[in-house]
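**Q** Read off the chains here:
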Amino acid sequence: MTELLEQFPVTLKHAILDVLSKFLPEWLLPIASAILSITPILIVFPTIFALTTVVERKVLGRIQNRPGPNRVGIPLTNIRLAGFGQFIADGIKALIKEDIVPRNADKVVHFLAPIAVVIPALLAYSVLPIGKNMTALDLDAGVLFFFAVGSATELSVFMAGWSSRNKYALLGAMRAIAQMVSYELPLVLSTVGVIMMTGTLSTTQIVEAQAGGFWHWHAATPWGFAAFFLFLVAATAEANRTPFDLPEAESEIIAGYFTEYSGFKFALFFLGEYLGLFAMSGLGITLFLGGWHAPLPALEVVPSWIWFFLKLGVFIMFFIWLRGTLPRLRMDQLMNLAWKFMVPLTLITIVAAGVWRFMDPGFTRCLTVTAMIVVPYLLLSNALFTARGVGKRTYRYAD
Amino acid sequence: MSASFAILAALVVVSAIAAMTLRNLVHCALCLAVTFIGLAGTYLQLGAQFVGLAQVLVYVGAVAILIVFAILLTRSGEPGPGRQFSATALMGVGIALAVFAVLGKVITSSAVAKRPAPPMFDGSKATVAKFGERLMTDYILPLEVLALLLTAAMIGAVIIALREKETK
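Just so you know, the protein sequences line up as chains G and Z, in that order. So the first sequence is numbered by my numbering: it starts at 1 and just counts up by one. So the second sequence is numbered by my numbering: it starts at 1 and just counts up by one.
It is possible that some hints are incorrect.
What the hints assert, rightly or not - Distance ranges between label pairs, derived from CB positions: (1) G:W27 to Z:E133: 35 to 45 Å; (2) G:I43 to Z:L90: 52 to 62 Å; (3) Z:A9 to G:L17: 41 to 51 Å; (4) G:M317 to Z:N24: 41 to 51 Å; (5) Z:Y139 to G:I96: 55 to 65 Å; (6) Z:Y139 to G:G61: 53 to 63 Å.
Simulated from the structure, these hints should not be mistaken for laboratory data. From a predicted model like this one, the values you see are computed outputs, not experimental measurements. Each residue gets a CB set at the ideal place from its N, CA and C atoms; glycine is no exception.
Isolated chain Z (complex conformation):
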C-alpha cells in the first residue's frame, strides 16, 4: 500500500462518512463530490485514465450539480428538527455487521473464492485508444443499447416537461 493510496483512501472514507452524518444537505452533497474526486484519484492511480477522468466529468461535473440543484429546488438545505440518530441506531449497526459477517463467510467459503485469481492487470496498458477500440468492436452492442436507453430517457423527460406547459 503506497502513501498516495493511503491518502486517497482516507479522503474517500472521511468524506463519505461526512456525507452521511452532516446535518446540512448541501454540505452532504459537497462531501459526496469530494468522495467522487477521491474515487477518481484511485482510478487514476491504478492507471485507468479514461475511467478516472470520466468519473470526474460525469460525477463531479454533472451528478453533484444535479443533486445540489435537486436539494435547492425541493427544500432548503437547512437541517430539520429531530435527532440525527434514531434510538435503534446501535441495533442497526449490529445487524449490518452481522449481515456483513455472514456474507463474508459465505463468499470466502464459496467455490468462486477458491478459484485462482486472474493475473494482475497492468492498468498502464489500458490506453484511451485501446479503450475506444474495444468499445467500437467487442462491446458495440451494449454501447448501442445504452445509447438507445439514454436517448429514450431523454425524450421521455422532454415529453413530461412539454405537457406541463400545454396545460397552462
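Next up, chain G with everything else stripped away, as it sits in the complex:
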C-alpha cells in the first residue's frame, strides 16, 4: 500500500506512456514523456497558488482580528466552504475584466512582460525533487539552473515597469531590480556551503545526501542553520515579500512595476510572484530541510511527496505570518542589510562549512563552528545598528 502510494505519480506516468506507445510514432514518445512530467507541475503549483490566496487573506484577517473572506462557496447553494470558493470567483473576475493598456505604453513589451514573469517561475520547478524519483529534469547542474532561470525574472520586471510609461511603475521596477541584484548574491552564496558539503550541484543528489532523519538535514548543523536563515531572508527579498516588498509598496508607489496592468495580466503577475515564492521555498526545502525525506525514519511510511508538500505548506504559512507581523524596510536599510550584513555573513558561513568538513566530529567542532558564526553575527549586527542610516530617521526639510 505504502509502496503503491509512494510511487503512484511515477507508475501512473509509465502506465500512460505504455498505452501511448501503441498509438504514437517512436520520435513523439520523448516529447509525450516530457509533457507528462510537466503537466503535474502546471496543475499542482497554480492550484496551491489559488488556495494560498484564500489562506493568506484568511490568516491575515485572523492576525488583524477580522474574519477574512468567508462567504463564497458553491453557487446556488447555501454551502460556504469557509470561503474557499473565493479563488474561483477571483479567477473569473480576472478573466472577464477589461484589459486596459495605457495609450503611451510600449504595446509589445507591455504584452510580453507578464508572460516573461511566469515562464521563468515555472521553469524553476523542473529541477525541484518533489518526491522520490520525481524530478522533472534531473540536471547535473540543477542548482545552477534554478538560479539562472531566477535571474531572468529581473529583466521581465524591468520590461513591465519600463513599458508602462508610468513613473510609479518605473520606480517600482528600479527598486525591484536593485533589490533582486543585491539579494541574489547572499542567496547564491548561502547555498555554496551545502554544495561544498555534498560535492554536487544536482538537486536529487543533495536530497539523497540528507537521508535518515532530521539530524542529517543540513539545517541541523551550525553552519547549515545559519546558512538556512540567511537563505530564508534572501529568498523573502527575492520574492518581494514583506518586509522586503518595497518594489510594490502600495502606500508609496501604488503597486510598483505592475501598476498599469489590469485583468488577467495582473493575475499573471500575481501568479508569477507566488510561483517564485513557492519555488524558492522548494529550493530551501531541498537544500536545507532534507527535501522529500521524512523527519524521522519511522515516518517514511508516509509517501515522500506528501512530506515535500507538508514542508512547503509550513514555508507558506511562515511567509504569511511574516507578512502579517513585520513592517516594511526603508530603501537604505534594505541595501545596508544586504551588503553590510548578509554578504559578509554568508561568506563566513562558507568558511565555517569548510572548517566543519575538515574537523573531527565532536563537541569541539560544534563549538568552534558556532563561535565562528555567532561572533561575527553579533559584531556585524551591532555595527549595522549603530551605523548611520539605521535608527531614528532625520529629516532634511521636514523638521
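With the hints as your guide, set chain Z onto chain G.
**A** What follows is chain Z alone, placed relative to chain G:
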C-alpha cells in the same frame, strides 16, 4: 542539423538582427537578451551545461540588466532624429563582404585548415564536477589572475564612486 538547432539558430540570428536594426535602444537591449538566451540554448544543446547556465546567469541576469540601466540613466530609450541607414550603407556591406571573402580564403588555404580536425568532443562528458576539477588543478593560475583582475576592477570602481561623494 537537428530541428532544435535550427530553431535556436533562427532565434539567435533574428534577435541579433533585430538588436542591430530596431530604433528604440531598450528594444535593442531586450533583443540582445534574447540572443544571449539563444546562445545559452545552443551551449546546452551541445551538452555544456555549466557554460550554458553560466551564460544565462551572467549575460541575461547581469549584463543585460547593466545595459538597460546604462540606457535609462544616460538618455531616454526614444529614437533620436535622423535616418537609420547612412547613405553609404550599401558600400559598407560590400566592403564587409569583401573582407570576409579575403579572410575566408586566407584561412581555408592556410596550414591550420589543412591540419586534421581533432576528434569530436562529447559534450555530455563535460560534467560540472570535471569542469570544477580542471579549474582547480590545471587552470588554477589563470583563474586566480582573473579573480585578482576582477577584484582590482571592483576596488577601482568603488574608489571612483567614493571620491565623488567626498567633494560634495
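**Q** Evaluate each hint against the coordinates.
**A** Here is what the structure says about each hint:
no.	hint	result
1	G:W27 to Z:E133: 35 to 45 Å	holds (36 Å)
2	G:I43 to Z:L90: 52 to 62 Å	holds (55 Å)
3	Z:A9 to G:L17: 41 to 51 Å	violated (31 Å)
4	G:M317 to Z:N24: 41 to 51 Å	holds (45 Å)
5	Z:Y139 to G:I96: 55 to 65 Å	holds (59 Å)
6	Z:Y139 to G:G61: 53 to 63 Å	holds (58 Å)
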